[in-house]
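Protein chains: 2
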Amino acid sequence: MQEIIDGSKPTDWRPLDPQNTLYMDLANGHRVVIELAPHFSPQHVANARTFAKEGYWNGLAIMRSQDNFVVQWGDPEEDAAKKKPLGSAQKKLPAEFTSRDASLAKTWTRLPDVDGWAPQVGFADGFPAGHDAKAGTYWMAHCYGAVGAGRNEAADSSDATELYVVTGQAPRQLDRNMSMIGRVVQGMEWLSTIPRGAGAMGFFDKPEQRVAITSIKLAADVPAAERTKLELMRTDSKVFNELVESRRNRRDAFYKVQAHHIDLCNVPLPVREAKG
Amino acid sequence: MQEIIDGSKPTDWRPLDPQNTLYMDLANGHRVVIELAPHFSPQHVANARTFAKEGYWNGLAIMRSQDNFVVQWGDPEEDAAKKKPLGSAQKKLPAEFTSRDASLAKTWTRLPDVDGWAPQVGFADGFPAGHDAKAGTYWMAHCYGAVGAGRNEAADSSDATELYVVTGQAPRQLDRNMSMIGRVVQGMEWLSTIPRGAGAMGFFDKPEQRVAITSIKLAADVPAAERTKLELMRTDSKVFNELVESRRNRRDAFYKVQAHHIDLCNVPLPVREAKG
Numbered sequence: 001m002q003e004i005i006d007g008s009k010p011t012d013w014r015p016l017d018p019q020n021t022l023y024m025d026l027a028n029g030h031r032v033v034i035e036l037a038p039h040f041s042p043q044h045v046a047n048a049r050t051f052a053k054e055g056y057w058n059g060l061a062i063m064r065s066q067d068n069f070v071v072q073w074g075d076p077e078e079d080a081a082k083k084k085p086l087g088s089a090q091k092k093l094p095a096e097f098t099s100r101d102a103s104l105a106k107t108w109t110r111l112p113d114v115d116g117w118a119p120q121v122g123f124a125d126g127f128p129a130g131h132d133a134k135a136g137t138y139w140m141a142h143c144y145g146a147v148g149a150g151r152n153e154a155a156d157s158s159d160a161t162e163l164y165v166v167t168g169q170a171p172r173q174l175d176r177n178m179s180m181i182g183r184v185v186q187g188m189e190w191l192s193t194i195p196r197g198a199g200a201m202g203f204f205d206k207p208e209q210r211v212a213i214t215s216i217k218l219a220a221d222v223p224a225a226e227r228t229k230l231e232l233m234r235t236d237s238k239v240f241n242e243l244v245e246s247r248r249n250r251r252d253a254f255y256k257v258q259a260h261h262i263d264l265c266n267v268p269l270p271v272r273e274a275k276g
Numbered sequence: 001m002q003e004i005i006d007g008s009k010p011t012d013w014r015p016l017d018p019q020n021t022l023y024m025d026l027a028n029g030h031r032v033v034i035e036l037a038p039h040f041s042p043q044h045v046a047n048a049r050t051f052a053k054e055g056y057w058n059g060l061a062i063m064r065s066q067d068n069f070v071v072q073w074g075d076p077e078e079d080a081a082k083k084k085p086l087g088s089a090q091k092k093l094p095a096e097f098t099s100r101d102a103s104l105a106k107t108w109t110r111l112p113d114v115d116g117w118a119p120q121v122g123f124a125d126g127f128p129a130g131h132d133a134k135a136g137t138y139w140m141a142h143c144y145g146a147v148g149a150g151r152n153e154a155a156d157s158s159d160a161t162e163l164y165v166v167t168g169q170a171p172r173q174l175d176r177n178m179s180m181i182g183r184v185v186q187g188m189e190w191l192s193t194i195p196r197g198a199g200a201m202g203f204f205d206k207p208e209q210r211v212a213i214t215s216i217k218l219a220a221d222v223p224a225a226e227r228t229k230l231e232l233m234r235t236d237s238k239v240f241n242e243l244v245e246s247r248r249n250r251r252d253a254f255y256k257v258q259a260h261h262i263d264l265c266n267v268p269l270p271v272r273e274a275k276g
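These protein sequence lines map, in sequence, to chains W and Y.
The numbers in my numbering rise by one with no breaks, and the one at position 35 of the first sequence is 35.
The numbers in my numbering rise by one with no breaks, and the one at position 247 of the second sequence is 247.
Be careful, since some hints might not be right.
What the hints assert, rightly or not - Quick look at which bits of chain W chain Y covers, simulated, 3 or more residues with Cβ under 8 Å: (1) 109-119; (2) 166-177; (3) 184-197; (4) 243-254; (5) 262-275.
As the list claims (entries may be wrong) - Anything over 10 Å on all C-beta distances counts as not near chain W; from chain Y, calculated: (6) 3; (7) 46; (8) 87; (9) 91; (10) 205; (11) 207; (12) 223; (13) 230.
Stated by the list, open to error - If you anchor each label on the Cβ, the simulated ranges turn out as follows: (14) Y:15 <-> W:53: 50 to 60 Å; (15) Y:119 <-> W:225: 47 to 57 Å; (16) Y:109 <-> W:206: 34 to 44 Å; (17) Y:27 <-> W:222: 34 to 44 Å; (18) W:274 <-> Y:224: 58 to 68 Å; (19) W:275 <-> Y:19: 50 to 60 Å.
Because the hints were derived from the structure by calculation, they are not lab data.
Note that the Cβ used here is the ideal one computed from N, Cα and C, for glycine as well.
Just chain W, same shape as in the assembly (with noise of 0.2 Å):
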C-alpha cells in the first residue's frame, strides 16, 4: 500500500475544501476532522455549516458511546423548551437518504465486488456509496468513520443538531435510512477509544462522563496557519484502482489465500498531510 501510495502523482489528490471540513475539537486537547458531503445531504450540510460558524456545538458534548456501533453528540437537555437555539439554521429539513446529485454520478468509480446491501457499490465525491442504476441513486455507506444526522421515528426528523460517527462493523442496515454528512477523515481514534456508555444504547448515565466538545468550527473560519492541512487520494484515479487491486489480492508472502474480493468498507482511503 505504501508502495502504491508512493508512486502516485501530485493530481491524484485533492485537497481538503476547507469550506466542506469541520473541527471538531474536544476538551481533551484532541482534534477530529470531518469532510462534509454536500452532494449526498445538502441540506443537513448547508445546517451543520451553519451550526459551525455560529457555535451551536461549542460546550456541548459527545454523550453516547455504544461498543461495535456509533458515538453520538449533541444537546443534552431534554426538556425541548430549555434546548439550545439553532440560531440561523433550518428548523425543518427534508430526509435526505438518496441523491440524485449529477457531481455523484461524473465521479462515480464502481467497485467490481459483490455486496448484499446495494445492487452496486463503489465511491462518489471520495465517498464509499451505494448506487442503484434504475433508480439513479447514490447513498453513503455506514463505513466506520460515516458521519449521518441523528433522528427520531419520522424520517424527517432530523435537523443535523445531533450526529453520530461510526466506530464499529459498518452497520449498513442503516444505509437509505440516514441523512448522512460526512466522514471522518483523521481522528477517529480520538471517538473509537472513548469508554461506552452503561445507559441504554450507550448513553453516558452520568452527566459527567459525557467527553466536552470545545468547539467544532468551520475550516473556512479558522485561520489558515491554525488549519489541518490534509489530502486524499482521488477515488477517481488510476493509483486508487491499483490500490484497491492490491488490497482484493494481497500480494505480500504474509497471505497464503487470497481473497479475490473486497468489502465496501475495508477498502481503505489514504488521507496524508498536505505538502508547504
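Following the hints, complete the assembly by docking chain Y onto the known chain W.
Just chain Y now, with coordinates in the frame of chain W:
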C-alpha cells in the same frame, strides 16, 4: 431482538463450557471472557489451555492497539533467548487455518445471504464461519471479537503465545490465513477502547502504555463461585433463525428501507448471565 430473546426456551441456550473458557483479568480490574474454539484449531486451543493453566500470560501485557483493526498481547521481549519459557506447551504447531472437524458440520447453520469472502457463510459450533462445501472445510471468520493467533510470515509460525482480537471492521481478508482460537463473549469494550499505539501497526512505542494482564486463567481452574456464568444462544436453534430474520428485515418503524440482507459479521450472537 429483546422480544425474541424473551420468547426463547431454556434449551435454546448453552452454557459456556469452563474447559473452553478463558478469563483475561486486566490490571485495571476489568475481565474479558473468551470462548475457545477447539474444533477450529485443536492444537492452538490446547496450547492456549496449557498457557492459561501454567500462568504463561500472567504479568505480560497488551502491547498493540491499532485503530479499526486489532489489539494484541503476548511477550514483548524481542530477544528470543530472554522470552518467557513456554512450559509444557507445544513449541511448534501446524497451521490450523481451516478445519474438517465433524462437530462443525453437525452444527452448521447456513446464512442465506451472499458473501464475497467465502462460498458459504453461517455458524458452526456457535462461531461465525465460512464453509467450502467442495473442500469440506470450515474456518472462523474475522468478525468483531474474533481471537486469532499472531504469526510471522510462515504459515506454521504461530504457537498461540501471541493472540489478537478484532476491534474494528471485520478484516475478512485474513480468513483462512490465520489459526483462530475463539472469540470474546463478554468484555469487548475493555479491549476496543484501549488507546491506540503510536508505533507502526499500533504497537505502543512506550512500554508504560502497555495494558498489563494480571492473569489469563482457564475457567475450569477457577473456583465455581468466582466464575462468570454466561450462556449463549444456540446458533442451530429455531429462535436464532428468527433473530437473524428479524435483523435481515427490521420490523420496527424506525427503518424506512429494509435491507433484505445481513452480513455474517452483523449477526448478533446473544450472550446472557446464566440463571442460578
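Hint by hint, here is what the structure shows:
Counting residues of the segment 109-119 of chain W whose beta-carbon sits less than 8 Å from any beta-carbon of chain Y gives 5, enough to reach three: the coverage restraint holds. With 9 residues having a Cβ less than 8 Å from any Cβ of chain Y, the segment 166-177 of chain W passes the three-residue criterion, so the hint holds. Counting residues of the segment 184-197 of chain W whose CB falls under 8 Å from any CB of chain Y gives 7; the rule of at least 3 is met. Residues of the segment 243-254 of chain W with a Cβ under 8 Å from some Cβ of chain Y number 4, which satisfies the need for three, so the listed coverage holds.
Proximity of the segment 262-275 of chain W to chain Y, defined as three or more residues with a beta carbon under 8 Å from a beta carbon of that chain, is established by the 4 residues found. Every CB of chain W lies more than 10 Å from the CB of residue 3 of chain Y, the least distance being 16 Å, so the non-interface label holds. With a minimum CB-CB distance of about 22 Å to chain W, residue 46 of chain Y clears the 10 Å threshold, and the non-interface call stands. For residue 87 of chain Y, the requirement that its beta carbon stay farther than 10 Å from each beta carbon of chain W is met, with the minimum near 28 Å.
Residue 91 of chain Y, annotated as away from the interface, keeps every beta carbon of chain W farther than 10 Å; the closest lies near 22 Å. Even its closest Cβ contact with chain W, about 14 Å, leaves residue 205 of chain Y beyond 10 Å, as expected for a residue assigned away from the interface. Annotated as non-interface, residue 207 of chain Y keeps its C-beta farther than 10 Å from every C-beta of chain W; the closest such distance is 19 Å. Every C-beta of chain W lies more than 10 Å from that of residue 223 of chain Y, the closest at about 28 Å, which supports listing it as non-interface.
Listed as a non-interface residue, residue 230 of chain Y keeps its Cβ farther than 10 Å from every Cβ of chain W; the least gap is roughly 16 Å. Between residue 15 of chain Y and residue 53 of chain W the C-beta distance comes to about 57 Å, which sits within the given range of 50 to 60 Å. Distance hint check for residue 119 of chain Y and residue 225 of chain W: the Cβ-Cβ separation is about 55 Å, which falls inside the suggested range of 47 to 57 Å. Judged by the Cβ atoms, the range 34 to 44 Å given for residue 109 of chain Y and residue 206 of chain W holds: they are separated by roughly 40 Å.
Separated by about 41 Å at the C-beta atoms, residue 27 of chain Y and residue 222 of chain W satisfy the suggested range of 34 to 44 Å. For the hinted restraint 58 to 68 Å between residue 274 of chain W and residue 224 of chain Y, the CB-CB distance of approximately 60 Å keeps it satisfied. Residue 275 of chain W and residue 19 of chain Y have their C-beta atoms about 57 Å apart, which keeps the hinted 50 to 60 Å range intact.
Checked against the numbered hints given earlier, the structure satisfies every one of them.
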